[in-house]
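> The chain contents come next:
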Amino acid sequence: MPFTMVNTRIVEAAITPGQTMFSQRGAMLAYRGEVAFTPSITGGQGGVMSMIGRRVANEATPLMTVEGNGTVLFGHGGHYVRVVDLSGDTLYVEADRLLAFDGTLRQGTMFMGSQGGVMGMVRGQVSGQGLFTTTLEGHGSVAVMAHGGVIELPITPGRDVHVDPQAYVAHRGKVRNKLTTAIGWRELVGRGSGEGFQLALSGTGTVYVQASEEKL
Amino acid sequence: MTSPVVFDAHSLPASDNVNAYAFSVALDGQWFLQRGKMIAYYGDIDFHGVGLGRLDRLIARSFHSPLHAADWVVAEGRGKMVLADRAFDVNSYDLDDGNLTIRSGNLLAFQPSLSLKQSIVPGFLTLIGTGTFVAASNGPVVFMEPPLRVDPQALVGWADCPSPCHHYDHQYLRGFLGGVRAHTGFGGTSGEEHQFEFVGAGTVLLQSTEQLMDEIATGASPDQAGVPVRDR
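Sequences listed follow chains A and B, in order.
Using this note's numbering, the first residue of the first sequence is number 1, and each one after it goes up by one.
Using this note's numbering, the first residue of the second sequence is number 1001, and each one after it goes up by one.
Calculated directly from the structure, the hints in this document are not laboratory data.
Ideal Cβ placement from N, Cα and C applies to all residues, glycine included.
Among the clues, some could well be false.
Claimed, not checked - In silico negatives: residues of chain A with every beta carbon more than 10 Å from chain B:
hint, residue
1, H76
2, R106
3, H147
4, H162
Stated by the list, open to error - If the Cβ cut is set under 10 Å, some of the chain B residues that face chain A in the computed set are:
hint, residue
5, V1018
6, S1119
7, N1138
8, A1154
9, H1166
10, D1169
11, E1192
12, G1202
13, Q1207
As the list claims (entries may be wrong) - Over 12 Å on every C-beta distance to chain A, these chain B residues come out as not near it, computed from the model:
hint, residue
14, S1113
15, E1145
16, C1165
Sequences are here, hints too, so could you generate the full structure?
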């Protein structure tokens, strides 16, 4: 795998000739060797139609392609970094959390409404994902940013995981998520617990949660 | 889980980190420290501004950076002094007859056996000699060896190697599409066109983010021929 953690906030990526890596613009801290950083006009993979899709979906984060021969240190904004290795499964993550990822991964956008209809769209609003989220699929690695350290919670059938929507970072696997509300008369009179909305994730997979309720 | 630790004058570490964000100096004599970085002290310590007066000899020996004089004070006495800076990571470094250049805002304090000079690179200070100094960084510091190209904002300092030069990478602005990009701005920039390049033997210090600690005004270079001028 091309990523090695240097410390909690820096990841080192090996760049080999003929392989492309995508990274958030401006996230390079240092590099060795001959490496070129080119702004990606289309904001990732898949040509112009994918670009338009991402623009419409508001999942177009400024990316650059990283090519050449050497090693690069990536880090951004002092955020904690977590490397996720994918082997054929799909990672659902917000585009602005992507620090760097393998060019071998297929990048796509998913409509929140396609998982749970209108409630899926409401869920997207509450968790800050918006109406769309980015998917990465295939074999390769992704470096994801989070505010505070990342906790990895396994989801197994029969054991649902409930996550504060603001602390949600990403998830992978065959996971169904739905927004649960616990709103009663206390919320209506302004004496709520502040935990009225939760994401309930069920199925088989993993959810990544950050140790903070602050979005990036 | 770690419970809060209570320190007193004896249990406070002697010249060691209290935690990642605070450093305790066991003072017996004099130390230079940047104004406002002391957060607490035990013992009998006086703080004097760097200027004319009875500290003349000390300053003549170890402080060769008149432009930064207003930002530095001398702590004098016996006791323990805790240093910190806006919850940034703090570390101490030992120099053994060496030299190290550091971004001026990142240096918190140094022992007078070192001497402080202005680097020829604007905004940086050079420490020469033998002794200990304390520096802050936004996130943990990573040590790297040249040859290396560094994002200017991630650079904390460097030791023993020659001063860096600028490296510009405009490769993607060549050719027809590159020309369109350069003239219309279409496609944006990668933000990585400019780096500091280090060559030779030595060590380069990086912080864990490209977010600088806020600059603290440290004066301007004298307006003389041949002196690099800080362009901000």
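> Each of the hints needs a verdict: does it hold here or not?
How the hints compare with the structure:
1. Here A:H76 does not stay apart from chain B, with its beta-carbon only about 7 Å from theirs, under the 10 Å limit.
2. For A:R106, the condition that its CB be more than 10 Å from all CB atoms of chain B holds, with the nearest at approximately 23 Å.
3. Every Cβ of chain B is farther than 10 Å from the Cβ of A:H147; the closest lies at roughly 13 Å, confirming the non-interface assignment.
4. The claim that A:H162 is not at the interface with chain B holds, since no C-beta of that chain comes within 10 Å of its own (minimum 23 Å).
5. Evaluation of the B:V1018 hint against chain A yields a violated restraint, the C-beta minimum of about 20 Å exceeding 10 Å.
6. At about 20 Å, the closest approach between the beta carbon of B:S1119 and any beta carbon in chain A exceeds 10 Å, and the interface hint on this residue is violated.
7. A distance limit of 10 Å between C-beta atoms decides the matter here; for B:N1138 the minimum to chain A is near 6 Å, and the interface restraint holds.
8. Contact between B:A1154 and chain A, as hinted, is supported at the beta carbon level, the nearest pair being about 4 Å apart and thus within 10 Å.
9. Against a cut-off of 10 Å between C-beta atoms, the interface hint on B:H1166 is violated, since the closest Cβ of chain A lies about 15 Å away.
10. Of the supplied interface hints, the one on B:D1169 holds, with its beta-carbon coming within about 7 Å of a beta-carbon of chain A, less than 10 Å.
11. The criterion of a C-beta within 10 Å of any C-beta in chain A is met by B:E1192, whose closest approach is roughly 4 Å, and the hint holds.
12. The restraint placing B:G1202 at the interface with chain A is violated, with a minimum CB-CB distance near 14 Å, outside the 10 Å limit.
13. For B:Q1207, the interface hint holds, since its Cβ comes within 10 Å of a Cβ in chain A; the closest pair sits about 8 Å apart.
14. The non-interface label for B:S1113 is consistent with chain A: the shortest C-beta to C-beta separation is roughly 31 Å, beyond 12 Å.
15. The Cβ of B:E1145 sits about 9 Å from the closest Cβ of chain A, inside the 12 Å cut-off, so the non-interface label is violated.
16. No beta-carbon of chain A is positioned within 12 Å of the beta-carbon of B:C1165; the least distance is around 15 Å.
Hint compliance for this structure: hints 1, 5, 6, 9, 12 and 15 are not met, and every other hint is.
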